[in-house]
Amino acid sequence: MAELKISPFRRTRILASQIDEMLDVVSQAALAYKHAIGHYIRSGWDETAEVKYRQLDEFESRGDKLRGTIGQTLYSEMLLPDTSGDVLGLLSSLDRLLDDMEHSLEVVRIERPEIPTEFHDGWLECATMAAEAVEQVVVAARSYFRDPRAARDHIHKIHYYEKETQRTALQIIEQLFQSDMGLDRKLQLRGHVWLIDRLADKADDAGDALAIYAVKRSV
Amino acid sequence: MDLTFVIFLSSGLLLGWSLGANDAANVFGTAVGSRMLRFYVAALVCAVFVVVGAVVSGAGASHGLGQLGAINALGGSFTVALAAAITVYGMTKLGLPVSTTQAVVGGIVGWNLFSNTATDPAVLTKIMGTWVAAPILGGLFAVALYRLTEYCIRAIKPHALWLDQWTRIGFLVAGALGAYSLGANNIANVVGVFVPASNLEDISVGALTLTGQQRLFMLGGLAVAAGVFFSRRVMMTVGRNIVTVGPVGGWVVVLAHSLVLFVFSSELLRASLTRLGLPPIPLIPVSSSQAVVGAVCGLALAHGLKGARQIRWSMLRNIALGWLATPAIAALIGYVALYFVQNVFEQPVYQPVMSAAGM
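Protein chains in written order, with the working numbering: chain A, 3 to 221; chain B, 1050 to 1408.
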């Protein structure tokens, strides 16, 4: 370890690995979210769903911590002086995605909504598309750090998944209000669908910001 | 070293101090202004390499300048350096573009006129040619370096943090080369006019032997190095003006500028070109600021039409104006000052030289 401590590149190596870890955390959180929603639709809130929720909660805490550490190091060590603001903006966007995924699942955990069988496929598709949008943000963000010109190849996919999520969410909400279930239940289920849709919206916002950051880095 | 010599040398040292305070910004301004390097790290590296460059490689450009006019009396050297310093100070105060190199050349021409020494038009043309060539060469180096760097970055695809780290190291290396070349090339401006009249002897410290000329260059180099530590504000200004090109672009500018100064001061490069049967590069002091402007314009043009639109063409017009105005003003001030020093202070400003025809 003594050799590592005197290395002038140690700080860069650690920071690069922290940024990679942050991206891994968001990607794994998206997978856990998709899995948890799918499992809840099929089996209700059981031990597996609880485990996924706890995982997501840990990812969210880890993301908060990493964002703080990376931001502090960037500024205190004057690293990436021209783009540190963009990097912090990107990390904040990723952290917001973690917050939204955790919040969305937390509401499911508290309210345990009963999703009618005819909505299962659409619901799962909606959550899957939202999680895909988040994963594409991670891929674009990785590209931003290594090959900013290639980031736009992934950013257009984020827009696509956001549109698909929105389309599916609207379809579910329309069907909900055309059904004969009680208004209270309709409103409750609409709230859950909106939470999923909001996640995709946030991913889309992150994609828009990334597109600008990538252009700045390419110049 | 007698006191008279030190007093006479003071104008050269003042010129050196001002050169350090202004031109260090061309070497490290981008790095410090963009916060890639801390000021004191940059200043220390700059100061050390300026002195090394002046002592080790200062002779080439100094000899080139000496061909224009060998000032053979200390009073003359003092006055010419003072005239150059006054020109640089006055034009800077008036906000006009100025180069120490051009001011010194003007001062020497003023001395030639005063002492009835013929100015060799071929040498003058060669010197003025290098002034035009330096910014153009800076631009060409910048385009080539930018293309190469861009290709390497796209091929390697380094993480932004590693690119940041390499750019910092690149700034240090390019800045050290730039400082070395600045010392080697521009020391002629600072103490070059004192070389023919200098009576400094060789000294040996252990295995190291310094010739009288190297001692003179070391003194000049130390004056430049002292000026470097007063360059913080200029560095921040220059750095922020150029920083729109980004750290990697800034590094390209610094390296291109350093290479220009190196080309016009390296005796080794000159000898290598001659050995290869290529035309030798004249070793002449060139303007560091104009090399930087040339490199920035080259970098902008490397970005195509979009970059070309960002160039402030008025800056190039000002450079062209400086090629003529600065030496003319320095020559005039030098001529008047020599008259005063000779006739009012009764100091010899030149030693009459017998021409071959008269012998």
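Treat the hints with care, as some may be off.
Using 25 Å as the maximum straight-line C-alpha spacing, the simulated DSS-like pairs for lysine-lysine come out as follows [what the hints assert, rightly or not]: (1) B:K1175 with A:K218; (2) A:K159 with A:K67; (3) B:K1206 with A:K218; (4) A:K165 with A:K188; (5) A:K159 with B:K1142.
Now the in silico label distances, taken between C-beta atoms and shown as ranges [unchecked claim]: (6) B:S1321 with A:E79: 35 to 43 Å; (7) B:I1218 with A:K218: 47 to 55 Å; (8) B:F1279 with A:I214: 47 to 55 Å.
Quick caveat, the hints were computed from the structure, so don't treat them as lab data. All residues carry an ideal CB built from backbone N, CA and C; glycine is no exception.
Quick rundown of the hints versus the structure:
no.: 1; hint: B:K1175 with A:K218; result: 43 Å, violated
no.: 2; hint: A:K159 with A:K67; result: 29 Å, violated
no.: 3; hint: B:K1206 with A:K218; result: 16 Å, holds
no.: 4; hint: A:K165 with A:K188; result: 23 Å, holds
no.: 5; hint: A:K159 with B:K1142; result: 57 Å, violated
no.: 6; hint: B:S1321 with A:E79: 35 to 43 Å; result: 42 Å, holds
no.: 7; hint: B:I1218 with A:K218: 47 to 55 Å; result: 23 Å, violated
no.: 8; hint: B:F1279 with A:I214: 47 to 55 Å; result: 39 Å, violated
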